[in-house]
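Asks: Work the whole structure out from these sequences, hints included.
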Amino acid sequence: MGTSFPFNDLGGPLKHLLIVVFVVCLVSLMSLPAFASNDAVNTNTVSPTLVVSVTVQKAIRLTLATGSQCTVSAGGGGDYSISFGNVDALAINTATCGSKFVPTTPGSTNAVYYTDYTVTPMFTSQTTTNNSLSAYVSSTFSKANLSIVQSNSAPSAIGDLSSMSTSSGAQTSLTTNAASGSAVTRYVGVSVAPTNGAGLTGSDSATITYTLTVQ
Amino acid sequence: MLVFCTPSLCQDIALQTASGGVTISGSGPFTSGFGNVNGLGAGTTPTGLTLVTSGVSGGVLYTTPYNIRISGASTSHPAAVSIYMSTNFGHPSNLILKSCYPSSSCTSAASYGAVSTSSASPTPVISAPGLNNSTVTASFALFVSNTSGTGFFSGTDTAAVTFLVYDASNMSLKHTYVLNLTSPATNVQTAVRLTLGTASGGVTISPASDYSMSYGNVNGLGIGPSSGLTVVSASGGVIYTTPYLLQPSFSSFSTSTATLKAYVSLDFVHPAIVEMRNASSSGGPYAAISKSSGSQTSLTATAASGTAVTRYLGLFVANTNGASAFTGADNARLTYTLTAP
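Here the protein sequences come in this chain order: A and B.
Numbering follows this note's numbering, with no gaps: position 24 of the first sequence is 24.
Numbering follows this note's numbering, with no gaps: position 150 of the second sequence is 150.
Quick caveat, the hints were computed from the structure, so don't treat them as lab data.
Keep in mind that the hints are not guaranteed to be accurate.
[What the hints assert, rightly or not] Cβ-Cβ distance ranges computed for the label pairs, FRET-style: (1) GLY322(B) x ASN196(A): 51 to 57 Å; (2) VAL269(B) x SER153(A): 33 to 39 Å; (3) SER203(A) x GLY322(B): 45 to 51 Å; (4) ASP267(B) x SER203(A): 55 to 61 Å; (5) VAL309(B) x SER153(A): 54 to 60 Å; (6) SER168(A) x VAL269(B): 56 to 62 Å; (7) ALA288(B) x GLN215(A): 44 to 50 Å; (8) ALA198(A) x SER235(B): 32 to 38 Å; (9) SER282(B) x GLN215(A): 46 to 52 Å.
Just so you know, these numbers come straight off a predicted model, no measurement behind them.
Beta carbons are placed, not taken as given, at the ideal position from N, Cα and C, and that holds for glycine.
Replies: This is how it looks when you write it as structure tokens:
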């Protein structure tokens, strides 16, 4: 005799199962919060949520500031400006600010007026801390007897100051791997050649472009 | 010609359920009721009631239309109807029944006037010169106070309205009917609500599951904050901050102050880089918002219902570089909890 399963043998338990499921669902629905979560009744507490979204980006900043001598001001034709006042090739004029070196051979070699200043590199969310800070004279003085000189350490003699590059492709290095947020003291000056001729006196200006690169 | 009528033939009314209104049963006395209500209008409005919040001070209105079927009237002897609270609610400062007629004109809270509690000066519903036989629709509104603290009430209450039917030609009383507001009884429930809002000059808070806001592009130097954000310096980075509003409302509680707390219920994927902070003033001090539901950051312990609380939500962004640096999108979720005592 073959085994058979009368319908009721399967249907009975299945009906019970369905009834149980229905009751459970009903209870679940009754226990669900009936309202949006920023208000509720017949209770004393409610808990709405606030989703905050943000996109973090890399950032980089380079600031120049006054050291112990000449004032570095914001603006003045560029992002920053500095003025050496009256200068001459014999270093007769007292430096308006900063210091000066008299020419090694007055009348033959240059005089230099210079000052210290600080540059502060800052960078965040960069995958490396390796960095380089460089500068070049992006716009030279119009007068042929004037040029920009610089030093990465306090100069003790006029020879410690060297000409700053005028090439964007071969800039003068100021430092490498500077710490983000730490000020670096550097020296910049104006070299005045003892040249004679027309159009070599009066006011003049040059522009230095600094570049901070993290990579 | 002098016309006399027996009460059964005089101007008469029957109260009936109106379309979209609560059920009115009986044939005199009549029975109806408001059921579950609350002073904020929170939750599901009971069937047959319409919630009115605009133009209502100190609570909300639950309105319902109802029909008055006039019979036994004539052109020369129209019917007029007035009502009064023959049994007022037991908490008459928390529950006030108001009336408006015709229902089509009952478009705002200002359309309703409180039902008189004096039989000597009942509130007219259908005034002289009255109406001939017809079915007209009037409306009731139940004012539910949102008071917490002194004068609060929660629980059930009942009332009865007496309808006076007049011969409008001489204002002689012809019939009196009672509408018992007992089934369902009016059940004033406690209610709490917390909404977040955009503060003046702050970042936009948008309502979306439940609320959302974006700090946009940020960086560890605080360069170029988006509109509505200001940057505050912090050790190891910067804080982008915005004011925002927490707007607590609660009704029918025994005390009038509540607590507001918050915690980070879903943290950023990069918690060492970005972190949520809280301050009570723009300049700080800013403190990290708790990440524990069991020890949430307290925003205030003296929140008053209906008074917005301004707080400053700060996003700390670390100025980290190197291998642990992070750029890209990230999200966090804050959960706020308003608890009325």
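Asks: Each hint: holds or not?
Replies: Against the structure, the hints:
1. GLY322(B) x ASN196(A): 51 to 57 Å: Holds: the Cβ-Cβ distance is about 56 Å, inside 51 to 57 Å.
2. VAL269(B) x SER153(A): 33 to 39 Å: Since the Cβ atoms of VAL269(B) and SER153(A) sit about 45 Å apart, the hinted range of 33 to 39 Å is violated.
3. SER203(A) x GLY322(B): 45 to 51 Å: holds (46 Å)
4. ASP267(B) x SER203(A): 55 to 61 Å: Since the Cβ atoms of ASP267(B) and SER203(A) sit about 59 Å apart, the hinted range of 55 to 61 Å holds.
5. VAL309(B) x SER153(A): 54 to 60 Å: holds (56 Å)
6. SER168(A) x VAL269(B): 56 to 62 Å: violated (40 Å)
7. ALA288(B) x GLN215(A): 44 to 50 Å: For ALA288(B) and GLN215(A) the Cβ distance comes to about 33 Å; the hint is violated.
8. ALA198(A) x SER235(B): 32 to 38 Å: Given range 32 to 38 Å: violated, Cβ gap about 59 Å.
9. SER282(B) x GLN215(A): 46 to 52 Å: This hint is violated: roughly 37 Å between Cβ atoms.
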